[in-house]
Structure formats: C-alpha cells, structure tokens
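Participant: The residues making up each chain are set out below.
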Amino acid sequence: MEIVRSQRRNGSDGSGSAASLPLYKTAPSLEFRLDEFGQYAIDRLRVLKAISDGLSRGKKPEEMDNLVGELWRANMKHQDADETLRKDIISHFVLRLVYCREEEMRRWFLSMETALFRYRFRLQNAEAQKSIMNELQLQYNVLGNAEYETIKDKLTEAARSVYFTSNPESVFYKVPFEDVPELVANRRVFILKGFAFVPRSQVVSLVCTIFRSNISKALALTNRKWRTMIQDQEKDRLAPMVEALGNIYLGPDYSKPQDCAEISLKDINQLASTSFPLCMRHLFGKLREDHHLKHQGRMQLGLFLKGVGLKLEDALAFWKAEFSQKVGAERFDKEYAYSIRHNYGKEGKRTDYTPYSCQKIIMSTPSTGDHHGCPYRHFSEENLRAALNKMGVGRRAMDDIMDKVRNRHYQLACTLTFEATHGTSCETGINHPNQYFVESRKIFQSKVNLPLVKFSQQFCLA
Amino acid sequence: MTKEDTRDDPMQIDSNLPQQHQFNRAPSASLLTDYLRIYYGKFFPYTDMYKWLAYGNDGKHPGCDSSYFGRREFSFTIKSDRDEVYLRFQSFFNVSEMETSIKAKCPTKIDIGAVYTVDPAKRHAYAQSGFNPVERELIFDIDISDYDDVRYCCSGADTCLNCWPLMTIAIKIIDTTLREDFGFNHILWVYSGRRGVHCWVCDSRARRLSKEQRSAIADYFHVYKGGENSLKKVTFSGPLHPFLARAYTDVLKHEFEKWISTQKLFEHEERFHKILQLIPDESVVSELAEKWQGNSIRWEHLKHMLQSGSKKTQGLRRCIEEIVFSYTYPRLDIQVTKGMNHLLKAPFCVHPGTGRVCIPIDPKKCEEFDPTSVPTVAQLIEELNTNASIGADNYVGKTSLAVSVNLFRTCFLEPLIRTCKDELESAYNSKIKQTKDSLSW
Numbered sequence: 001m002e003i004v005r006s007q008r009r010n011g012s013d014g015s016g017s018a019a020s021l022p023l024y025k026t027a028p029s030l031e032f033r034l035d036e037f038g039q040y041a042i043d044r045l046r047v048l049k050a051i052s053d054g055l056s057r058g059k060k061p062e063e064m065d066n067l068v069g070e071l072w073r074a075n076m077k078h079q080d081a082d083e084t085l086r087k088d089i090i091s092h093f094v095l096r097l098v099y100c101r102e103e104e105m106r107r108w109f110l111s112m113e114t115a116l117f118r119y120r121f122r123l124q125n126a127e128a129q130k131s132i133m134n135e136l137q138l139q140y141n142v143l144g145n146a147e148y149e150t151i152k153d154k155l156t157e158a159a160r161s162v163y164f165t166s167n168p169e170s171v172f173y174k175v176p177f178e179d180v181p182e183l184v185a186n187r188r189v190f191i192l193k194g195f196a197f198v199p200r201s202q203v204v205s206l207v208c209t210i211f212r213s214n215i216s217k218a219l220a221l222t223n224r225k226w227r228t229m230i231q232d233q234e235k236d237r238l239a240p241m242v243e244a245l246g247n248i249y250l251g252p253d254y255s256k257p258q259d260c261a262e263i264s265l266k267d268i269n270q271l272a273s274t275s276f277p278l279c280m281r282h283l284f285g286k287l288r289e290d291h292h293l294k295h296q297g298r299m300q301l302g303l304f305l306k307g308v309g310l311k312l313e314d315a316l317a318f319w320k321a322e323f324s325q326k327v328g329a330e331r332f333d334k335e336y337a338y339s340i341r342h343n344y345g346k347e348g349k350r351t352d353y354t355p356y357s358c359q360k361i362i363m364s365t366p367s368t369g370d371h372h373g374c375p376y377r378h379f380s381e382e383n384l385r386a387a388l389n390k391m392g393v394g395r396r397a398m399d400d401i402m403d404k405v406r407n408r409h410y411q412l413a414c415t416l417t418f419e420a421t422h423g424t425s426c427e428t429g430i431n432h433p434n435q436y437f438v439e440s441r442k443i444f445q446s447k448v449n450l451p452l453v454k455f456s457q458q459f460c461l462a
Numbered sequence: 001m002t003k004e005d006t007r008d009d010p011m012q013i014d015s016n017l018p019q020q021h022q023f024n025r026a027p028s029a030s031l032l033t034d035y036l037r038i039y040y041g042k043f044f045p046y047t048d049m050y051k052w053l054a055y056g057n058d059g060k061h062p063g064c065d066s067s068y069f070g071r072r073e074f075s076f077t078i079k080s081d082r083d084e085v086y087l088r089f090q091s092f093f094n095v096s097e098m099e100t101s102i103k104a105k106c107p108t109k110i111d112i113g114a115v116y117t118v119d120p121a122k123r124h125a126y127a128q129s130g131f132n133p134v135e136r137e138l139i140f141d142i143d144i145s146d147y148d149d150v151r152y153c154c155s156g157a158d159t160c161l162n163c164w165p166l167m168t169i170a171i172k173i174i175d176t177t178l179r180e181d182f183g184f185n186h187i188l189w190v191y192s193g194r195r196g197v198h199c200w201v202c203d204s205r206a207r208r209l210s211k212e213q214r215s216a217i218a219d220y221f222h223v224y225k226g227g228e229n230s231l232k233k234v235t236f237s238g239p240l241h242p243f244l245a246r247a248y249t250d251v252l253k254h255e256f257e258k259w260i261s262t263q264k265l266f267e268h269e270e271r272f273h274k275i276l277q278l279i280p281d282e283s284v285v286s287e288l289a290e291k292w293q294g295n296s297i298r299w300e301h302l303k304h305m306l307q308s309g310s311k312k313t314q315g316l317r318r319c320i321e322e323i324v325f326s327y328t329y330p331r332l333d334i335q336v337t338k339g340m341n342h343l344l345k346a347p348f349c350v351h352p353g354t355g356r357v358c359i360p361i362d363p364k365k366c367e368e369f370d371p372t373s374v375p376t377v378a379q380l381i382e383e384l385n386t387n388a389s390i391g392a393d394n395y396v397g398k399t400s401l402a403v404s405v406n407l408f409r410t411c412f413l414e415p416l417i418r419t420c421k422d423e424l425e426s427a428y429n430s431k432i433k434q435t436k437d438s439l440s441w
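Residue numbers (full-length UniProt numbering), protein chains in the order written: chain G, 1 to 462; chain D, 1 to 441.
Because the hints were derived from the structure by calculation, they are not lab data. Note that the Cβ used here is the ideal one computed from N, Cα and C, for glycine as well. Do not take every clue at face value.
Here's a subset of chain G near chain D, in silico, CB distances under 7 Å, partners left out [to be verified]:
hint, residue
1, Glu178
2, Pro181
3, Ala185
4, Arg187
5, Ile191
The task is simple: from the sequences and hints, build the whole structure.
Facilitator: Next comes the structure, spelled out in structure tokens:
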C-alpha cells in the first residue's frame, strides 16, 4: 500500500479552482492511499444517491438545498477546509472512473453531479459565484444600457410572468439561447433573435449547463482511456475496486436480525400478508401453492426469512413442510436441506450469506418458471395491479405506483405501496426487502400500544 | 370509382372523375405505383431537393465537404399489394444516385433523416459509438386530428376550409416565434398531404442543436398539456410570458372569435358547456348557464363576467386566455421536435391516401392556402397529357406543380444557399488565415 503525503498546496492541485467549489477540470496531481480511493468514493456516493432519491421523490428546490447541505456536512466535510477540498476532488475523480464505463451509469452520474453542483453553487455567496463564472470563461456580455432600454418592458413582462411581481433586476447577461435550455424550456427568460436575457439571479442555470457539458465530455474521454489503456494495467489493483464500487449497496445488510425480531412459524402467514414486500409475498405465495421454488427463488426468499429472524431449525421445518408435499421428505433431506444450512453459514466455507438488497433483486432476470426478481419490474401491468389490489392498495395510490413503474423507479413504487398499505409515509424509501419488513413491524408494534380510538384512525387509508 | 379503367393506359385519365381527381379511397398499390412512376419520372424536383440538402456542399467551393450529402439518411416506404417494406439508412453520394434510386424503387413515401458521422449505408463498418447523428433540421409536425375535441365540422383524417384555419394559426405563431424569438431565418413549411403541416428549420444553427436544446425549444412551445384525463389543458397562473402575450394579441384573440362563429360554439349546448367546464368557479358557471337560456351574445357576456373583477377568485384571472388557448393554440407533437433521429416525410412526396402532393406553404401568405385545391398526382398527369398534346415545350414547367417548385426556390432555397455559401466562404477563409498565422514566426 502506498503511503504518500499529499503534495497539494493552494491552487497547485490542477483542478483549477480558487473557491471551495471545484470544477474538476483536470485530474489532480495528487497522491493518495488506496483505502482513501474506496472510502472517499463511498462517502461521495452516499451523497449522490441521496440526491437521486430526493429528486425522484419530487422534493422542492428549497428542500433540496437543505438536504444537500446536510449530506455534505455529514459525509464529506472535514475540519480542515483543505482536507475537505482534497476529499471532494479525489472522490469525484474516482467516481468518474467508476461511472464512466456504461451509458446508463454515465447518465446517472452526470445528472447527480450536476445536481450536486447546482445546489452547492446556490449556497455560495455572490463573490464566489462570480469567480466561478470567471473560471468558466463565460463569454457572456452584460447587457449594455442602450440595448437594455429597447427591451426593458419585455424584460419586465417576462419577469412578471415568472415571479408575479414587477421587481425588475437591472443586471442582465445576453446569452445565446442554446446555453440556457432549462430557462428556455420553462419560459423563464425573455428571448429575442436567438439571445436569452438572463438576470443575474438566474445565472445558476447557465453555469450548470456548462458544468454539465464539461463533465459529459470528460466522462466520454475517461471511458475511452479506461477501456483502451488503464483497465488492463490496473486489473489487479484498481479494476476490482472500480467494479465493486459500481455495484455497491449502501445500507444495513440485515444479515443479523435484531434479537427482538425473531419470528416463529405460526406467525409466518400473518406476517407475510401484513409485512412482506411484494417480491417476498409473491415467492411465499407461490411456495405455498406449488410446494416448490426454483433455486434463485429459494435463495431470495430463504435469505430474506433469515434476515427476518427465522431460525435455522424453523427454516428447515418450514421448507420441509412445503417441499415434502411435492418431492417427499427424503428427497428434501437429501437435496435441499444442505443448501438451507449453507445459507445460514453452517456448511461449506461457512459464509453467512446476506439477504439480497433491492438493487440486487432488481438486477436479476427471472425466466419461465421463476418467481424471483422484482415484481415491479417484471410483472405485466395487469398482474401488478391485481397483486397490489390483493394487498389492499387503493385506486389513487395504484395510479401513482404505476406511474413510477412506467418510469422504471421500482423502489419508489415499492415505497408507495408500503405507504399505501401502512397509512404512513416512508421518508427514507425502500432499499431492502428486510428494511420493508422491519419498518412494517415497527408500525404494527406501535399500533398495538395505542388506545383503540387512534388505532382505527390509523387504518384510514386513502 | 372508375380507376380500374385506367389500368391499361396509365396516361389516360377518365374524364368522368371529379374535378380534384382526389382519391376517394386509397388506390391499389399497383395503380399508385403507375402514378408514381410518372411522377418520379417527370415531376419530382431532384436537383432542388439536392441543392437544399447539400447546404452548399455541392463540390464547387474548395471549402466544401463533399461527403456531406452522402452522410444523410433517407428512408423509403415501398408498398406492394401484400405488404409494406420499409428501407432505412438509404444514402446517395450525389443527385444522380438519388434520382436513379428513387426512379427504380418508386417509393410511396420518402423520409428524410439526419446527417450522420459516416455514410449510413456503411454504418456496420464502424463501432456503434462511431455512428451518430451530427446535424438535423429542427422540425415540427402538426396534425389537425389532434384538435378533434374542438372542431365540429370534421374529425380524424378529414379537413375542410372551416377547420383548416387551425393550421394557419399554428403556422403564424410558430413561424413568427422561430424568427423573432429564436432568430432563425430559413424555415420551410410543407403541407403534409392530408391533414397537417410540417416545418423544417434549416439554419446551420438549428441543424447543430443538441437533443437537449431541441427539447428546450419544444417545451417553450408546449402550452397545451395534459392527457386524456385532465379537463383543463391550459393553465396560466399569472401574467403571460411575452411570447404568449404576443401570440394572444396578434393571432389567437381574433382567431378564436372567428372560430366561435364557424364552429357555432355558443349555439349548441354541449359545445358551450365544454367552454363552461374550463371555468373554475361554480357560481360563475351557474349564473352564466342560467342567463343563457335564451341569450345569444354569450361570448361577450362570458368575457364581461370574467373580466369585471366582481369575482375575485384566483383561478379566474386568466380564464379567458385559458379558454382561447385551449381551443386555438398550436398543438405540436412534442416528440418529433425533441429527437434527432425522427424521420420526417420529404416535401414533394405524394400522399398515398389522397393523391395530393406535399407542397410548400408560404408562411407570409398562409391564410390563402387551400388544402382542398392542392394538386393531386392524377391531376398533374392529366395536365402533362394536355400540355404534351398541344405541343407545349416545357411540359412540367406549365403544370400546377411549377408554382410550388417556384415558391420553394424563391422563398426558401435561394436565400438558404446564399447564406450557406457565405458561411462556407467565411469558415474557409478563417481556416486559411489560421494556417497562415500558425506558419508565421
């Protein structure tokens, strides 16, 4: 492992920034340790994922401002401002490497980094913003007085249509409309003969567009370099880390169920109908119906049940009870018991397997005869509606859920299902089937403790 | 119908056909092919189309890119009686290749796609990442069937002089905005052959727009929103953006008044009820409904009620504009404008359902355009026969199509080519200058 002191002094990092908000123009000539490579990336990724979540849930700009501020403080900030900047730059470039490798990943990374930049930029003061604009060499001319006079009323009219007040700003930038697509798209700016007249307050949009385009080009370049040169050179060092970082799930792994969360077999049917997420309900139902599940289904459901608190002996009894109806008790003992024990870490190399996260489940591909995978992804609309109906999801919630599904936000769909069936909101969003279960149990436990009146109110679903 | 009689001699048209020679039902594929063979043989303006799409890169100037035309995708739709074949990624090195191919294949429809990084026909020789669109006109597609909920004279694929003004409105607003707001100059409007219009913005600045920028322009125009379920498709929460205010004052306000009378909006209960549904204030609606039992000056009355300010409800501030926009504002197919790989029908094609030629429309005179008198392929062929029989020397030049080809040249092609040549010249000169500068020491 290389341990080298950072040689960075103010400005010599090559990232081209004076302010505390770097533009990541060029890879820094820093040296850092391999463990920093991974850890810094993970911390930044936490921030980006939370931003992604916040945006898909439709948080307003002010809420996002707060969210980003908090996330940054929690994950990236260091006592020493220089250290924060160093981590900022390193983590960005590492993630660039991780996320440059595929189209979908590039798009996601680009959107999240731009969003992060946008909210951080908004939080900067006017001085800092000005210096960033200078760095970006914004060729935009401040609107001259003469021209201003000729279009003054239109500028006021446009400002009124956006802000509903007539407090016209006096400083405008004359910018080719191509450079502010967001403002044009939302009709938030006056345009004339191909130029947009952007008030200083709207400069954020301008800056973000440029930032985005720079990072986009950089990503394409990094991808090419990675593929043609670096990937091979680094196949023993960085490549495995890059691969792992690309697949990461950030959250509790639910491999050790909480002590108070042990469940017994007699409760399992009840628990399945109230607290299992749809993917597990489906597997559970199919198991009861067919008295069989194929391998991936057994893995997905089996590990989930382990995470939920089903002890090994109970698990063996449970699966045996079902499978022996199809294949007989002897065959069960011979062919299936071993793998259940294996899941609990009692066989082979004794790895205690962790229950699958949503990300992993969504990425799996069930084929004929399989019932694993994420139903929000794989069920037809008709089947999904029927399944959700059985769970008790109301019509309005159903439409919202279908909308999320159509836009491929499967976890959000599951979150909405949770909210619809439990009558509360789930701020954190569902990332893991066991998380769904745990949250669900929390709600039901708390309801047990409430006086009867409130209990019935809680069950008033939309 | 007597089309069958013409099978033996495609040149002779039955004189019992109605004036317009319009296809009252789509002709058989073989008959259509016969018409098209003649049309592509004598009428289709190959050189004009080539000059347009070459954008000055016709090999005469040292600064030309001679590969440019060859990198454009065309697609042909070829109909036989049994099926329809769709040939994408057709490309041609020059005008004679294009002409030969069209004459040989006789496509029922020709679409124009984007200009790619390499010749589309050779795309397989390159890695997937090496084949991308680099230039594409900014395009708009407006279809009158998107207005079926507000027109009562026709529906679906039909159109008449009563409802065609909706297209005129669309042309006026979009054309003005493209020129005034976005600064574009080289804009071609084309009749789509049956029920709509297409717009091609050909400035080099437009051709080089990214997907995101096209999206932004499309969204700028996107005012009429909402799917099947929402009743109210246009909502203005405050004062109008200058673009919308201009559209309203210059065009929509008085067009809506005309529309009221041609569509008799206030004379039929279910028609004016639709308008009442757009008013978000129950008390206003019921008061109007009551007073209208016998009254006929309804629009004025409605406006008065909403503007009088006696009802201070929030939602009423812009209600009049919302009603006017809901009925008359252009309804674009947003997806067509947003993408770079959307194929659009070429001008001067023949519409297989109507026989009409997709001719250009002069936006400055769009009010005079009459879709019901657009020449059909059958009519053109008859004119050709007549000219031939009287010994005229320029057969095609004396048919109805000549007017359209002329319009294409004078209003669109010639100014465009001038600009392209200027741009090529200055780009070339600055490159020369750069080389000279870099050589000096």
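Participant: Given isoleucine 191 of chain G as an interface hint, is its Cβ closer than 7 Å to any Cβ of chain D?
Facilitator: 5 Å, holds
Participant: Does the interface hint hold: is arginine 187 of chain G within less than 7 Å of chain D, judged Cβ to Cβ?
Facilitator: 5 Å, holds
Participant: Mind checking the CB of glutamate 178 of chain G against every CB in chain D and telling me if the closest is under 7 Å?
Facilitator: 5 Å, holds
Participant: Taking the least C-beta to C-beta distance, is alanine 185 of chain G closer than 7 Å to chain D?
Facilitator: 4 Å, holds
Participant: Does the nearest C-beta of chain D fall within a distance shorter than 7 Å of the C-beta of proline 181 of chain G?
Facilitator: Because about 3 Å separates proline 181 of chain G from the closest Cβ in chain D, which is inside the 7 Å limit, the hint holds.
In summary, this structure violates none of the numbered hints.
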